[in-house]
Amino acid sequence: MNDTRFKRHALQLLLAWLALLALMFASLGSAYLSLGIGNAIAGIAIAVVKSAIVLLLFMGLARASAMVRIVAATALGTWLLLVALSGVDYATRPHEPAAFQTPRQLPSLGPTQVQR
Amino acid sequence: MTGAAWPAERPPHADREHAPPAETGRLGMWIFIGSEVLFFGGLFVAYLYGRTHWPQGFAAAGRHTDVVLGTLNTGLLLTSSAVVALAVACSEHLAHRRFVARLLWLTAALGVAFLVVKGLEYRHEWQEALFPGPGFPVDVPGAQLFFVLYFLTTGLHAVHLVIGIAGIAALAWGSAHARRWAAPRHVDAMALYWHFVDVVWIFLYPLLYLVERHS
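Going down the list, the sequences are from chains V and G.
Take the position in the first sequence, starting the count at 1, then add 3; the result is the number in my numbering.
Take the position in the second sequence, starting the count at 1, then add 736; the result is the number in my numbering.
Among the clues, some could well be false.
[Said to hold, decoys possible] Computed list of lysine to aspartate or glutamate pairs in DMTMM-like fashion (alpha-carbon distance at most 25 Å, straight line):
no.: 1; chain 1: V; residue 1: K10; chain 2: G; residue 2: E864
no.: 2; chain 1: G; residue 1: K854; chain 2: G; residue 2: E864
no.: 3; chain 1: V; residue 1: K10; chain 2: G; residue 2: D802
no.: 4; chain 1: G; residue 1: K854; chain 2: G; residue 2: D802
no.: 5; chain 1: V; residue 1: K10; chain 2: G; residue 2: E759
[Unchecked claim] Partner residues aside, some chain V positions facing chain G, computed with beta carbon under 7 Å:
no.: 6; residue: M4
no.: 7; residue: T7
no.: 8; residue: W20
no.: 9; residue: L23
no.: 10; residue: M27
no.: 11; residue: L31
no.: 12; residue: A34
no.: 13; residue: A50
no.: 14; residue: I56
no.: 15; residue: F61
no.: 16; residue: M62
no.: 17; residue: V86
no.: 18; residue: S89
no.: 19; residue: P97
no.: 20; residue: H98
FYI, nobody ran anything at the bench for these hints, they're computed from the structure.
Glycine is no exception: its CB is placed at the ideal position from the N, C-alpha and C atoms.
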């Protein structure tokens, strides 16, 4: 890496860091607006942009070889496939509350249970 | 030069200095990160399931996490990622290689600061009895599930960070003492792991700290 390229790269890293902090505060600010489902979408969307900055600039995916990019894409693709397949199960299964989700904890063991 | 003459011309220490192609370490770390994506990915799916099935419980519990300390920790990790990226850039530039050790020490220190803040957070939560079990203060179905996932994901993230701090600190020491095992390509691979731990936190931040803050 020559001097000019190093300086350009260092400047890129500085701008990426500032952008990440700005996005963090944007994410924090958006959480205090009443947007309904938009709150969750804004939080996730900003997280996706932030991770894209880290992946492309900090982790060097933008200048990586095809092999490295294929590995990264395969990991993401496999995860999305598993999310979709799990979603099919959970979306079609009836939702019944589990015992531990009742408002109170289970009652303490009374004399009847102890006798058994 | 003929083919037969080549072995004789080879310097005697050539085998000892033989290093794999620069790409190998990076590719290996990416494959490892791929397995880690699926490891943390399962927990994100569990969160998605919980949040879509018990939205009120997740909203009620989400308001009990410490948004100030969570934001501070996000800032610390993002800064540490930028610092370690600069360390990698310096390691690739001969004139700036002397800064590598200092930048790696700074990265490890930011990681330690993150763990200290996380420990303070855990202490507050323990004092408020937010650990799932009898006497849990939020009486809404699903609220305990949120805190199960909170402790599981942040705990596993902290374990990963401890490993990262150990690796980065070792490379910082090795770089300062010009050890061969602290070569730039090793710093590069370790930095990839550090960035991955940062990316996990980038997603944990809105999911754990920014739930229903406006109400």
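Hint check results:
1. K10/V / E864/G: violated, 49 Å
2. K854/G / E864/G: holds, 15 Å
3. K10/V / D802/G: violated, 39 Å
4. K854/G / D802/G: holds, 10 Å
5. K10/V / E759/G: Within the cut-off at roughly 23 Å; holds.
6. M4: holds, 5 Å
7. T7: Since the shortest Cβ distance to chain G is 11 Å, the answer is violated.
8. W20: holds, 4 Å
9. L23: holds, 5 Å
10. M27: With a minimum Cβ separation of about 5 Å from chain G (threshold 7 Å), the hint on M27/V holds.
11. L31: holds, 6 Å
12. A34: holds, 4 Å
13. A50: Check passed: Cβ of A50/V comes within 5 Å of chain G, closer than 7 Å.
14. I56: violated, 9 Å
15. F61: holds, 4 Å
16. M62: holds, 5 Å
17. V86: Given a least distance of 6 Å, the restraint on V86/V holds.
18. S89: Since the shortest Cβ distance to chain G is 5 Å, the answer is holds.
19. P97: violated, 11 Å
20. H98: holds, 6 Å
Checked against the numbered hints given earlier, the structure breaks hints 1, 3, 7, 14 and 19 and satisfies all the rest.
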